[in-house]
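Chemist: Sequence:
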Amino acid sequence: MPKSLVIVESPAKAKTIERYLGSDYVVEASVGHIRDLPAKATEVPAVYKGESWANLGIDVDNDFKALYVVTERAKKQVAKLKKLLKSSDGLYLATDEDREGEAIAWHLLEVLNPQVPVYRMVFHEITEKAIQDAVASPRELDHRLVDAQEARRKFDRLYGYKVSPVMWQKVKPGLSAGRVQSVANRLIVERERQRIEFQTASYSSLEAEMSSGVTFKAGLTAVNGVRVATGRDFDAQGQLSQADRTIVNTDQGKELAAALSGVEFTVQSVESKPYRRRPAAPFMTSTLQQEASGRLGFSASRTMGAAQKLYEEGHITYMRTDSTTLSADALSAARTLIRERFGHDHLPADARVYNKKVKNAQEAHEAIRPAGDAWRDPSDLGFKGDTTDSDQARLYQLIWSRTIASQMNDAEGQTVTIRLAASPFGSETYEFGTSGTVITSPGFMSLYGRQSDESDDEERELPNLSEGDAVLATSLESKDHQTKPPARYTEATLVRQLEELGVGRPSTYASILGTIQSRGYVWKKGQALVPALTAFATVGLMENHFPHLVDYALTASMEDDLDQISVGEIEPNPWLDDFYFGSVDATGKPLPGLRDLVSDERLADIDPVEINTIPIGVDSDGQVVVAKVGKNFPYVQRGDEYRSLPAGITPDEITLDLAIQLLETPEERVLGVDPATGIEVIARPGTFGPYVSLGRPPKMPAASTPGGQLLGLPLHKKELKVALAYMRCMTDYPDNDSVRQAIKNPKRGIGDAAIKRLVEFGDTHNISLIEAFERAKEAGSSPAAQKAIRSFLKLRKSLVELREIDAPTALQSCLEKSGYLKDLHRGDNEDRLTNINSLIETSRVFDNVVELVDELGRIDELKNQPKPKTASLFQTMTLERITLEEALELLSLPRTVGTDPADGVEITVQNGPYGPYLLKDGESRNIQNEEQLLTITLEECLQLLAVPKKFGRRAAKPPLKELGKDPNSGQPILLKDGKFGPYVTDGKTNASLKSWDSVEALTEQRAVELLAEKRA
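Residue numbers (the numbering used here): 2 to 1017.
By construction, these hints were calculated from the structure, which means they are not laboratory data. This one's a predicted model, so the numbers in the text were calculated from it and none came from an experiment. A hint or two may mislead.
As the list claims (entries may be wrong) - Restraint-style ranges between C-beta atoms, simulated for each label pair:
1) ASN991 with LYS757: 41 to 51 Å
2) ALA13 with LYS818: 28 to 38 Å
3) GLN240 with SER53: 51 to 61 Å
4) ASP481 with SER212: 20 to 30 Å
5) LYS823 with GLY589: 15 to 25 Å
6) ALA554 with GLY220: 52 to 62 Å
7) THR251 with ASP658: 40 to 50 Å
Unchecked claim - Straight-line distance between alpha carbons at most 30 Å, and here's what the computed DSSO-like set of lysine-lysine pairs gives:
8) LYS163 with LYS41
9) LYS989 with LYS868
10) LYS16 with LYS66
11) LYS745 with LYS700
12) LYS130 with LYS41
13) LYS718 with LYS778
14) LYS995 with LYS745
15) LYS719 with LYS632
16) LYS818 with LYS719
17) LYS16 with LYS83
18) LYS989 with LYS526
19) LYS798 with LYS163
20) LYS977 with LYS718
21) LYS50 with LYS81
22) LYS719 with LYS989
23) LYS962 with LYS700
24) LYS632 with LYS823
25) LYS823 with LYS868
26) LYS798 with LYS526
Where is the CB? At the ideal position from N, CA and C, for every residue including glycine.
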């Protein structure tokens, strides 16, 4: 008997819903979106391959028509859905009731092309009643919501695909731009700028312990009627923002503390005011993320992950909402629970109604609350003790408590303020004050307490005093204070700020926070979001050249426009046309569109050096000191001098004094000569701390030199290897590897066997591969191979003629003549083409190709030099005081202590990122301190190994360092010491360090390059 097919987004949601629908329905998941714009050229259908817009996926000249393809991930699931649909008598599209859910339902209709009745089934919670009601009352597909989602997707694709390459070209590869992401970065950078510009002010406060039978504390508030300044009275320049304030300095504070001790004060006034606090509204997405951050320490992504599971399992309502309203059933459930559990005295006469107060609220759903009309107690849900279940349990408790508290009585009490004064020296009057609140009726606070962002001042009960009463100051304490710059954003406060500005949507905040961190724009220091210098560069680029794309009001108005599209008040295509092609404002002034903003003419005006330079100040000699982003690591520069910035330093710590200190710290200190080798021993500062080396690493060209600019390119990428191979083929004596690269890219009909025969012929006759090509017939090459070789030699002859003209023109012409550029344009090679363009741009610093190839040769020679042995200094050592003897001891590590007499296995001791340890055949034990690495005996090592390791597990050899996440795999990059020397790994790919790489100076960017080169 045919059954109806119900399609939802996730398997977990399908499993829960299936319990409520019975045997007449089959519930299956689409597993998210099944169609999207093509992510790469290989996904573009053959019929569209030749279209100029195919890789973009949007035909901007044809009403922004989108090219949708079934994603590779979804193909198998789509096939399964089609098969199930063939034996079904109806189709229920039960995706979420928001823009994304409506769009998924539309894409399912387009792809499945059902020949049975179709119903749009919507619900806000997964309970039996909600599901049965949804099946009984389906609706039509809302095409206005689909239009709004399509417009948003097209807008974001245009923005990302057109602006991100500008970042790659002008800042560095791997960056991205986005409508909400770029605004979030700007907010974080602006806050850091405020911190950098902030001028600290100093002041003191005075607190007295008063006694009138009951002891209480009071603070100095005024002197002779003039209020004493507190932190809030100073501006960002460290000046008083109000003239009618007096500053108590450190000396005055100490003098007054001594002088007023034992003085009798008189009560000037006692004021008592009613205290009342209303409960907070039920959660919407943003406030849930904020409160979970403050109370539970959850990141936005962790919060949404737990909330998603709670929703799919039927415990809470839909978790992506910007509404604070509760349905009539929910209000009834809350009030019933309050009445039964807390009593009538905690229940207001009428249900509370909360109105949303942020911009662009859609309020399409209810607030986030426990599901159903009889809310289960958190203790009844049966969560297990593992981390995932623990997250769900804690988040459900938070949602349950907040929702119930929102319908409880206000907290009420009395706040008493007492003011006291004394004039012990006749001429001056000192006023003190104190206040305390007594909660007489806790109301909602008996369940929920204070919110995470509220002050936690303790409630103080003050003595019963009257005006004119005498009070004795028994002791006083002066405290020094400094004003603090604005706090950095946390995930919670950034979400709140974006929400207040009307930028973004509840469903996007968690992913945006993840993107700005994974892309390296922002890193976390505790809970604070710290911008990297890369963020300063990209925000500066956007502010100066694309200002309206990061304008808060304009970005919010875009959200408003998308909302109007969703209700049919704005047509999507004219809106996209204005954004992409341009429009005019109310006065008739032309407003450039995105197409013109990213035109070659406009981009030629953007100076990458200026964009990547952040001014710091001017030294005593009038020299400008700057910080720069750098291709591999950030650094400070003065003239031709530069030093890398220490890892973990925040932008507001990069002061002029620090920069000068770094620049004036000697690059190295020669400690003496190693008697065993005759090589100098050198101490140097490094990105991860000071270290010593036996000899110097090869001195690579400075970043500002032509060679340094070449090294700033990702030379390990295949496309650049091929381009440089062609450049070498322009010279008189190209190396064999370059000839091989050129002959294979693009393929020219000369197979591996033919090339091998020619290489062997060249070896036999002591000639190069290019010379062997010229004797291909003699070498025994086939007629077909000989024909292909003659064609290549003809090409090479034409390339040689280019070598005397300017390098950029020669390189461009070379790649066009070779066919390699055309080959790249055929596929999904936007990143590769960007790298080629960067090489062409960099080649401008050379007069011709021969100069460039010669510089590459010098760089290769440096890279092939042997790498010196290095060792980090112990924490108790400094660069200034380390001796030659100490350095030699460090360089002796890892040290072989001896062999275990029981099995003859060697025992070594070494330092690691988590401290010193000993190692025997993969089994490790921690050593007490670094100094023990030089003194520990074999007997002591055996004693440590005899003690079973915690948990009884054999420990893997600990890594030397952690270097962030690999952008390709998303896994942590570890620097390890292997059998054949140090290497980096992401758990899947291992890459040995090159001879010129130093363990101490290795950066995250360099580690990423090594892994990418290994994969290439």
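Chemist: So, for every hint listed, does it hold in this structure?
Modeler: Here is how each hint holds up against the structure:
1. ASN991 with LYS757: 41 to 51 Å: violated (29 Å)
2. ALA13 with LYS818: 28 to 38 Å: Distance hint for ALA13, LYS818 is violated at roughly 57 Å.
3. GLN240 with SER53: 51 to 61 Å: holds (58 Å)
4. ASP481 with SER212: 20 to 30 Å: Once the Cβ atoms are compared, 25 Å apart, the range 20 to 30 Å for SER212 and ASP481 holds.
5. LYS823 with GLY589: 15 to 25 Å: violated (44 Å)
6. ALA554 with GLY220: 52 to 62 Å: Roughly 41 Å apart at Cβ, these two residues miss the hinted range, so it is violated.
7. THR251 with ASP658: 40 to 50 Å: Since THR251 and ASP658 have Cβ atoms about 23 Å apart, the given range 40 to 50 Å is violated.
8. LYS163 with LYS41: holds (15 Å)
9. LYS989 with LYS868: Status holds; Cα separation ~26 Å.
10. LYS16 with LYS66: violated (36 Å)
11. LYS745 with LYS700: Between LYS745 and LYS700 the Cα gap is close to 34 Å, so the pair fails against 30 Å, i.e. violated.
12. LYS130 with LYS41: violated (44 Å)
13. LYS718 with LYS778: violated (35 Å)
14. LYS995 with LYS745: holds (26 Å)
15. LYS719 with LYS632: Judged against 30 Å, a Cα distance of about 18 Å means the pair holds.
16. LYS818 with LYS719: holds (19 Å)
17. LYS16 with LYS83: Holds, at roughly 19 Å.
18. LYS989 with LYS526: holds (28 Å)
19. LYS798 with LYS163: Between LYS798 and LYS163 the Cα gap is close to 38 Å, so the pair fails against 30 Å, i.e. violated.
20. LYS977 with LYS718: holds (24 Å)
21. LYS50 with LYS81: holds (28 Å)
22. LYS719 with LYS989: Roughly 20 Å between the alpha carbons, so the hint for LYS719 and LYS989 holds.
23. LYS962 with LYS700: OK: LYS962 and LYS700 at ~24 Å, within 30 Å.
24. LYS632 with LYS823: holds (28 Å)
25. LYS823 with LYS868: violated (40 Å)
26. LYS798 with LYS526: Roughly 58 Å between the alpha carbons, so the hint for LYS798 and LYS526 is violated.
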